Every structure is written in structure tokens, then in C-alpha cells.
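Chains D and H, in that order, are what the protein sequence lines are.
What the first sequence shows, in numbering that gives the first Met the number 0, is residues 0 to 153, in sequence order.
What the second sequence shows, in numbering that gives the first Met the number 0, is residues 0 to 152, in sequence order.
It is possible that some hints are incorrect.
Unchecked claim - Which residues of chain D face chain H? A partial, calculated answer using Cβ under 7 Å: (1) W11; (2) D12; (3) L17; (4) V26; (5) G27; (6) A31; (7) S34; (8) A150.
Said to hold, decoys possible - Using 27 Å as the maximum straight-line C-alpha spacing, the simulated DSS-like pairs for lysine-lysine come out as follows: (9) D:K44 with H:K103; (10) D:K44 with D:K128; (11) D:K151 with H:K103; (12) D:K44 with D:K122.
As the list claims (entries may be wrong) - If we take Cβ atoms under 8 Å as the criterion, some of the chain D residues that face chain H in the derived model are: (13) A35; (14) V56; (15) V142.
It is worth saying that the hints were derived from the structure and are not from the lab.
All of these numbers come straight from a predicted model, not from anything done at the bench.
Heads up, the beta-carbon is just placed ideally off N, CA and C, and yes, glycines get one too.
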Amino acid sequence: MSVLAVARPDSWDFPLFLHVLGAMILVGGLVAGASALGYARGEVKFLRLGYWALPAVSLPGWVLMRVGAEWIYTREGWDDLPEGVDNPGWLDTGRLISDAGGLILLISLVAGGIGVYRLQAGKGSGLLKATLVLALVLLAAYVVAVWAMAAKPG
Amino acid sequence: MLALHVLSAFAWVAGIVVFWVLIAAVRRTDTAEGTIRMEPMVRVGNAAVGIGMGGTIVVGLWLAFSVGGYDIWDGWIIAAIVLWVISAPLGQRTGAAYMRGTNKARELQTGGQTGPNAELLALNRTSSGVILQFLWSVVVLLVLIDMIWKPGA
Numbered sequence: 000m001s002v003l004a005v006a007r008p009d010s011w012d013f014p015l016f017l018h019v020l021g022a023m024i025l026v027g028g029l030v031a032g033a034s035a036l037g038y039a040r041g042e043v044k045f046l047r048l049g050y051w052a053l054p055a056v057s058l059p060g061w062v063l064m065r066v067g068a069e070w071i072y073t074r075e076g077w078d079d080l081p082e083g084v085d086n087p088g089w090l091d092t093g094r095l096i097s098d099a100g101g102l103i104l105l106i107s108l109v110a111g112g113i114g115v116y117r118l119q120a121g122k123g124s125g126l127l128k129a130t131l132v133l134a135l136v137l138l139a140a141y142v143v144a145v146w147a148m149a150a151k152p153g
Numbered sequence: 000m001l002a003l004h005v006l007s008a009f010a011w012v013a014g015i016v017v018f019w020v021l022i023a024a025v026r027r028t029d030t031a032e033g034t035i036r037m038e039p040m041v042r043v044g045n046a047a048v049g050i051g052m053g054g055t056i057v058v059g060l061w062l063a064f065s066v067g068g069y070d071i072w073d074g075w076i077i078a079a080i081v082l083w084v085i086s087a088p089l090g091q092r093t094g095a096a097y098m099r100g101t102n103k104a105r106e107l108q109t110g111g112q113t114g115p116n117a118e119l120l121a122l123n124r125t126s127s128g129v130i131l132q133f134l135w136s137v138v139v140l141l142v143l144i145d146m147i148w149k150p151g152a
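In isolation and in its complexed conformation, chain H is listed as follows:
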């Protein structure tokens, strides 16, 4: 079960890395087609984050209740749960920030506009999206630090 917990954590971080790569790629994308073409990779990132976040919390709680030496009210476990809860809306808001570009791209494609679009480029270069992604990554990094140092254990 510990291996499953760790593998879930790897999936979670892998998803975040996929989104960082996408953020770097979409910053130079100013066409509707180019923006929409990112969607399959977004799905990979979403799947990795979903499996990772679900796996870490479900298996993590199972471990906290069933493995000797750990208790659910241990400070470092409570901290990890709090950080996990904080990370969920951060991830959702990051996704929402970048969905504005995707929605604009769909709108342009429906209108038959295939050329470069300055408004789309500005949406794809969202600074709030980058900040949210950075904060999300920091929170996940704090979860990893908490899991390794186990403060108070």
C-alpha cells in the first residue's frame, strides 16, 4: 500500500510537470488550432493529477488508520491533509485560468478565424495562471517535504 501511495504521488507530480511544459508551450501559441491541439496533453495532465490526488489521499488515509506507528491526528499527517485540501482549488483555478484561452480558441475556430490572434495570445500568456500554477507546485512540494521530514513524528 505504501508503494501505491508513493506511485500516486509520482502521478500527481507528473501531472504538474505536464502542465508546466504545456504552460511553456502555450505562451508561444497565438492560433486557435495550436491552442486546441494542446487538449490531448491537457487530458494526460488531468488524468495524472486526478489519479495522483485521489490515490495519495485514499491510500494515505488507509495507511494512517491501519499502519502501526502512525495516527490520523499526528501533526504531519494533519498538515499533509490540509495541504492536499489547499492544493485542490489551486489546481482547479489554474485550469480555469488556462481554459479561458481554450474557450477563446474554440470561439475563433467556430468563427472561421484561423490566423494569429493577439487576444488569444494574451489569454494563453495569463500571468495569474502562471502564479496559480507556481503556488500549486509550492503546495505540492510542501506535501513532499512534510512526508519526508515528518515534523513532530
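Next up, chain D with everything else stripped away, as it sits in the complex:
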């Protein structure tokens, strides 16, 4: 694997950089959002901070990660495999988690957004708790994805 990494064509480097940087920003936003929501103890300022970390940091990170992923996917020729040849398991795992994760992130943004709006009326903390749970689920899933992409099992 190390020899393969050294021998990677230069043209793959920038898409890979975007992919990894986006994934790191995504995970960082989730950690920031989850920790603010988790330690908020009902305090509106922290609930807002935790929520806004998701659309302001995690969402752009997810977009960057996904754009980089698609770019390097085509650069590496995975979209042009011969008939009957399947993608490796680590690639399918990463793709599934990133796409399903994107959907879960979107659901958490909508739920959290409604929750933040309802905070004005003294409500919405339940929805923000759901946002916290979804953020933690996403974090766990992305740890698996990072492991799959880096270790490339199989």
C-alpha cells in the first residue's frame, strides 16, 4: 500500500487533498456542534452555537469532501471498470456512508433549524437533542468511513 501511495500520479493529489480536507472540516464541525449541543444544558446561546456549527462548518465540509470524492473517483478510473468487475468494498463503504451521512446531516440541519427557531418561544430543545444524537451518529459513521478509506480492507 505504501508503495502504491508513493507511486500515486501527481494528478490525483489535488482531488485527494480536497476530499481529505473536506472530510476533516466535516468531522471538525460535527465535533464542535455535538460538544456545544451536549454541554448546552438548555442554555440558548450554546444550543444556537452547536446548531450553527453544522450548517456553517460541517455542510461546506461535506460538499468539499463529496466533490473531491467524485473527482478522484473518476481520476482513478473507478467509473470506467470493465464489465463484471466490482468496486472494492472499502470504496462502496465510504460512498455509502458519505451519501447516507449527507442525508442524515440534512435531516439534522432541518430538525435543528426548526429547533433553533422554536427556541424563541421557549421550545425546540427536543429537536436540538435529536440534532445532537444525529451528529453523534454521523461522527461514529465517519470514523468507520475514515478507517475504511485509509485501511482499505480487502
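Fit chain H to the given chain D structure using the hints.
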């Protein structure tokens, strides 16, 4: 082991992102209680950076010595180690810059001053802290660039 190295790098960057979010939040915080309330998140950031920096260097060195095709004296590995070493005091100094606000907040709380405080707000808006955090982030970004492009490999 490579996965552990990469996961450590993710933890490191996640910690830095947590600190950026905290920097944005603390800039609008002028009360002792509000400043002190940030501490649990600071601990999360510190833990992520600690695990990340420790994991990247320990596992990275292990990889450099044990994986064929890489050597510890490869230019890009030396560059990564140098950048890692540079990043450590930058992170510490960033933390120290923001600790002045936290210490002031504790002092105000001990004195029973719970209202807004202009001096505390000024400390929380430290421009040297923002510059140090920016430089720290740039150094970590350079580590990532070095790891991907592997110049000279």
C-alpha cells in the same frame, strides 16, 4: 496503523475546528459566566488536539520506520516532523492568549461581578490569539499538503 495515523490527523484538525468555533463564540461574550461556560468545549478541543498530535507523531514515526518504501530521512517526512514541532508551541501560545480571558472571567466571578465587562470582552477578542490560531491552522494545513503531495518521494 495507517488508518490510526489518519484518524489521529482527523482528531487534530477537529480540535482546531472546535477552537475556531469557540473563537467565533467568545468574541461576543462579555460576561464572566459566559466565558467560563466555554470551558467544557475547550476541554473537548484540547483532548482532540492532544490525541491527534500524539497519534500522528507516534504512529507516523512507527510507519516511517516499519513500512517499506518510506524512510525517516525522506525529505517530506522530515518536513512533516518539523511542521509538527512548529505547530506545538503555536497551539500552546494560542491557548495562552485565550486563557487570559478565562483567568479574567474567574477573577470577576470571584469578585462577584456578573455583568458585562469591557476589559473581559477585549481579552476575549484578542487579535494576537486569532493570528496565532490562523498560523497554527496554516501549519497544520501544510502538514496535510506535505502528507498528500509527499514532495521528493
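Structure-based check of all given hints:
no. : hint               : verdict
1   : W11                : violated (9 Å)
2   : D12                : holds (5 Å)
3   : L17                : violated (10 Å)
4   : V26                : holds (5 Å)
5   : G27                : holds (3 Å)
6   : A31                : holds (4 Å)
7   : S34                : holds (4 Å)
8   : A150               : holds (4 Å)
9   : D:K44 with H:K103  : holds (21 Å)
10  : D:K44 with D:K128  : holds (15 Å)
11  : D:K151 with H:K103 : violated (49 Å)
12  : D:K44 with D:K122  : holds (14 Å)
13  : A35                : holds (6 Å)
14  : V56                : holds (6 Å)
15  : V142               : holds (7 Å)
Violated hints, listed in ascending order, are 1, 3, 11; each of the other numbered hints is respected by the structure.
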